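**Student:** Now for the letters of each chain:
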Amino acid sequence: MRHFLDLASWSDDELHALLERAGVLEHTPSTALTGRVLGLLFMNPSLRTLASFQSGMSRLGGSSFVISPGRGSWELETRLGVVMNDVAAEHVREAIPVLASYADLLGIRAFASGTDLQADVEDRLFHQLAALSPVPVINLESAIDHPCQALADWKTLDDLDVPRQGGRFVLSWAYHPKALPLAVPAAAVQFAARRGMDVTVLRPNGFGLPEAVMERARSAAAAAGGSVRESEDRGEAMEGAHVLYAKSWTAPADYGDAEAESFRRASLRDWCVGESWFETAAKDCRFLHCLPVRRNVVVRDEVLDGPRSVVVPQARNRMFAQMAVLEKLMASKEIAS
Amino acid sequence: MRHFLDLASWSDDELHALLERAGVLEHTPSTALTGRVLGLLFMNPSLRTLASFQSGMSRLGGSSFVISPGRGSWELETRLGVVMNDVAAEHVREAIPVLASYADLLGIRAFASGTDLQADVEDRLFHQLAALSPVPVINLESAIDHPCQALADWKTLDDLDVPRQGGRFVLSWAYHPKALPLAVPAAAVQFAARRGMDVTVLRPNGFGLPEAVMERARSAAAAAGGSVRESEDRGEAMEGAHVLYAKSWTAPADYGDAEAESFRRASLRDWCVGESWFETAAKDCRFLHCLPVRRNVVVRDEVLDGPRSVVVPQARNRMFAQMAVLEKLMASKEIAS
Amino acid sequence: MRHFLDLASWSDDELHALLERAGVLEHTPSTALTGRVLGLLFMNPSLRTLASFQSGMSRLGGSSFVISPGRGSWELETRLGVVMNDVAAEHVREAIPVLASYADLLGIRAFASGTDLQADVEDRLFHQLAALSPVPVINLESAIDHPCQALADWKTLDDLDVPRQGGRFVLSWAYHPKALPLAVPAAAVQFAARRGMDVTVLRPNGFGLPEAVMERARSAAAAAGGSVRESEDRGEAMEGAHVLYAKSWTAPADYGDAEAESFRRASLRDWCVGESWFETAAKDCRFLHCLPVRRNVVVRDEVLDGPRSVVVPQARNRMFAQMAVLEKLMASKEIAS
Chain A
1 MRHFLDLASW SDDELHALLE RAGVLEHTPS TALTGRVLGL LFMNPSLRTL ASFQSGMSRL
61 GGSSFVISPG RGSWELETRL GVVMNDVAAE HVREAIPVLA SYADLLGIRA FASGTDLQAD
121 VEDRLFHQLA ALSPVPVINL ESAIDHPCQA LADWKTLDDL DVPRQGGRFV LSWAYHPKAL
181 PLAVPAAAVQ FAARRGMDVT VLRPNGFGLP EAVMERARSA AAAAGGSVRE SEDRGEAMEG
241 AHVLYAKSWT APADYGDAEA ESFRRASLRD WCVGESWFET AAKDCRFLHC LPVRRNVVVR
301 DEVLDGPRSV VVPQARNRMF AQMAVLEKLM ASKEIAS
Chain B
1 MRHFLDLASW SDDELHALLE RAGVLEHTPS TALTGRVLGL LFMNPSLRTL ASFQSGMSRL
61 GGSSFVISPG RGSWELETRL GVVMNDVAAE HVREAIPVLA SYADLLGIRA FASGTDLQAD
121 VEDRLFHQLA ALSPVPVINL ESAIDHPCQA LADWKTLDDL DVPRQGGRFV LSWAYHPKAL
181 PLAVPAAAVQ FAARRGMDVT VLRPNGFGLP EAVMERARSA AAAAGGSVRE SEDRGEAMEG
241 AHVLYAKSWT APADYGDAEA ESFRRASLRD WCVGESWFET AAKDCRFLHC LPVRRNVVVR
301 DEVLDGPRSV VVPQARNRMF AQMAVLEKLM ASKEIAS
Chain C
1 MRHFLDLASW SDDELHALLE RAGVLEHTPS TALTGRVLGL LFMNPSLRTL ASFQSGMSRL
61 GGSSFVISPG RGSWELETRL GVVMNDVAAE HVREAIPVLA SYADLLGIRA FASGTDLQAD
121 VEDRLFHQLA ALSPVPVINL ESAIDHPCQA LADWKTLDDL DVPRQGGRFV LSWAYHPKAL
181 PLAVPAAAVQ FAARRGMDVT VLRPNGFGLP EAVMERARSA AAAAGGSVRE SEDRGEAMEG
241 AHVLYAKSWT APADYGDAEA ESFRRASLRD WCVGESWFET AAKDCRFLHC LPVRRNVVVR
301 DEVLDGPRSV VVPQARNRMF AQMAVLEKLM ASKEIAS
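Residue numbers (the working numbering), protein chains in the order written: chain A, 1 to 337; chain B, 1 to 337; chain C, 1 to 337.
Just so you know, these hints were derived from the structure itself, not from any lab.
Note that the coordinates shown come from a computational prediction; the quantities given were computed from them, not determined experimentally.
It cannot be assumed that every hint is accurate.
Quick look at which bits of chain B chain C covers, simulated, 3 or more residues with Cβ under 8 angstroms [as the list claims (entries may be wrong)]:
#, region
1, 49 to 60
2, 158 to 170
Ranges between beta-carbon positions, derived for each pair [to be verified]:
#, chain 1, residue 1, chain 2, residue 2, range
3, B, Ile-335, C, Gly-35, 39 to 45 angstroms
4, B, His-127, A, Ala-131, 48 to 54 angstroms
5, C, Glu-122, B, Gly-225, 55 to 61 angstroms
6, C, Thr-34, A, Asp-13, 35 to 41 angstroms
Ideal placement from N, C-alpha and C gives every residue a C-beta, glycine not left out.
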């Protein structure tokens, strides 16, 4: 029985098969999951993930239910061994096996704590949650990964014929009024490296991704014929770029220190992607973002409303990538049982 | 490809076909939307619209998903060109095309701003939102219209054999502790006029519907053989009435001036519909209200619990009217593609 | 047409048929409710009930919709005859018939008021709500009953081969930081008595269940060949027990007096179930709880994580028990119509 917790647990052949199947599902109906039920546990808000999983599951002939702790369901405790005399009325040690007992597959979203960098980089909470489920688990975004997003992003680049080996992928930090998680940038740098691209992480001082994340990306790049480097110089980083993937994230250097982090971010409001960023890029350099995105804070209207933005097809690909994953996990469960 | 934004864009023949189909769907199963997905975007609360669309879509063999910004999904920005450094994390310019990309049809609810009468009467926001969707859009209530309600109301009067030409329809303002939108009264006066009825808008001073709304209703009445007039005199307005449609709405005369509007409303608590209102009406005059309704504030128990109230069958007709619309829009989309 | 408001309205033969059918549905697919729609009205939070009914309805080929007043839908008024000038925008007298008009079956959750013991013990509100529905109603937990839980609990004991006559069932009060409803303990004592077991209610002074609840249980026990008694002595109560069913509940002696109740509860923190409680019990005594449960407040980790806890299979049985009820009510409706 397989889970879908990260791309790293899936071989190149398996990922290519998922991508190929996603392309087929984009154009061809399937009733592979007729009568099957997907449980969706959202510890944090969602728009795309919620809508695309519910729609995708329906399109495969199945159905889904949604549980949102604190929004019509009990607040959930995740810490082990605690005396639960606070707001949480239920523990994940009961909630997850119970929800799994009603479902054939279980999706879980649990964002980072934002306080313990080591724990978050190791995705400790998410692995603890996933281990509680007797049915296949899909990571709907954890502390350090968002594999459904990464698979959709990969398909998006394939759809656009962006080169694999030799393709230049820039992941750029952008300003945001809040300290945001590391999950999407970690997933993006990992999938682009694994796709064989030449990856540059463009970010201000203090915003370098955690060494463990960079090391995983460098290993993936080495195996795939690509490369990974970091830069603070926008013009140099963007030179010849085929893809600019923008995202804000919290400063790992100040992880868990909200005041210091906020102070570091405060002076970086000019990290808002505009057309001028693309001067040294390849002519048809694409703009990607996982959404939601704050207009004229993270990226200017001129980019989002212009021809290089592919954020809507990128989001649309979430559905097809996830449908391929749902089919595959269900098949793996049936073989196991 | 058709949208369902208002009744005005639909010809008499088309409306009659929808009403006829709604009547058939009330008694005959259909699987016309098997495998189809309806996206529902609720910027404001709902009970009937949510339940009737979800149930109706299921009864047609399809399914639906629900997104409620600020309730498990990101707050959405609707203004163009703004710097998004406030609470809204996502713009409708991304959210709507993305949700539409997961759906075959998209329903949107977006109430009036309540501050700019001209913009609300022109339904500027809603038309801007609808224009962002590449799939057919259904108006689940906008600033100035609620066509699903109007179609259900029309069916309700047909079901009850209320006369078209010569039928006397009174839309009456009623007291409510809050300033409520103009959408339902505007939709009601419009559909009743278009149905060929003699329409009276009964309301206190300052609560006359906007001139553009009245003018549209007068045009519709002229074409259909009916009439539209206004009155402040309850006994006179109700004379010979076949239908009393009650609804509270904000004072257009004080639009956007909460204090003045509240002061004007404060002395009108006697505008609570009771049996005494029907003294001069036709013998079996019916009581309609779109719901939700505040008992003994908008209307007394004696009316709601008495034989003239048809508010439950009226609400039930929402489902059948909407099922006819869903089928029709899906067919129009398939022809277009 | 049948409702499922309590177990008392169902004969032994009928209950046994439901339990048998639940066992079949655990292993065999059914499409008995294809095209049918279940409405779910939650006046209070839920995790298991929401997920198990949505999944169960899907597994039977049908679908469901969820309305949560105050969470995306209007607050509902339940009192009769009031002037609705407070927060509630809609009355259950409209909301329930309307939701029922979109559904084939209607589930309703409405917890106790907690202020009027007599009204709550008689389940006055719930019977008033159920009477408003023209379609079969399922009690998703009312002031004094939770028959879906009781049916699932009964199946759980059957699955484990816990003896009926001669089986020793202990319902124990446990500490909790909040005053909790009487519904689950009332349902548990009733089903265990009806199953023919020897039932002991173990609870501190002031926490004795209402006399009407005890009397109903004693009658059921008399008819089924079992017994019902009360005790404050843990060691004595647990002697030879086959089942410990733990649950916190408010002190009936202080019903509606929050301060006195809180004071009475404050000194009872040692009523947290631990392994030491089982010293005099039967060797393989099982631990049941309806969930959600506060770990190390109501029960220690050592029990929940040990071999005697069956809380997850117990929760899983909710789905199969409810599927049997859904099928049965739908069949009864079709015969009636």
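**Student:** Work down the list of hints and note, for each, if the structure agrees.
**Tutor:** Hint by hint, here is what the structure shows:
no., hint, in the structure
1, 49 to 60, "holds (count 8)"
2, 158 to 170, "violated (count 0)"
3, Ile-335/B x Gly-35/C: 39 to 45 angstroms, "violated (27 angstroms)"
4, His-127/B x Ala-131/A: 48 to 54 angstroms, "holds (50 angstroms)"
5, Glu-122/C x Gly-225/B: 55 to 61 angstroms, "holds (57 angstroms)"
6, Thr-34/C x Asp-13/A: 35 to 41 angstroms, "holds (39 angstroms)"
Checked against the numbered hints given earlier, the structure breaks hints 2 and 3 and satisfies all the rest.
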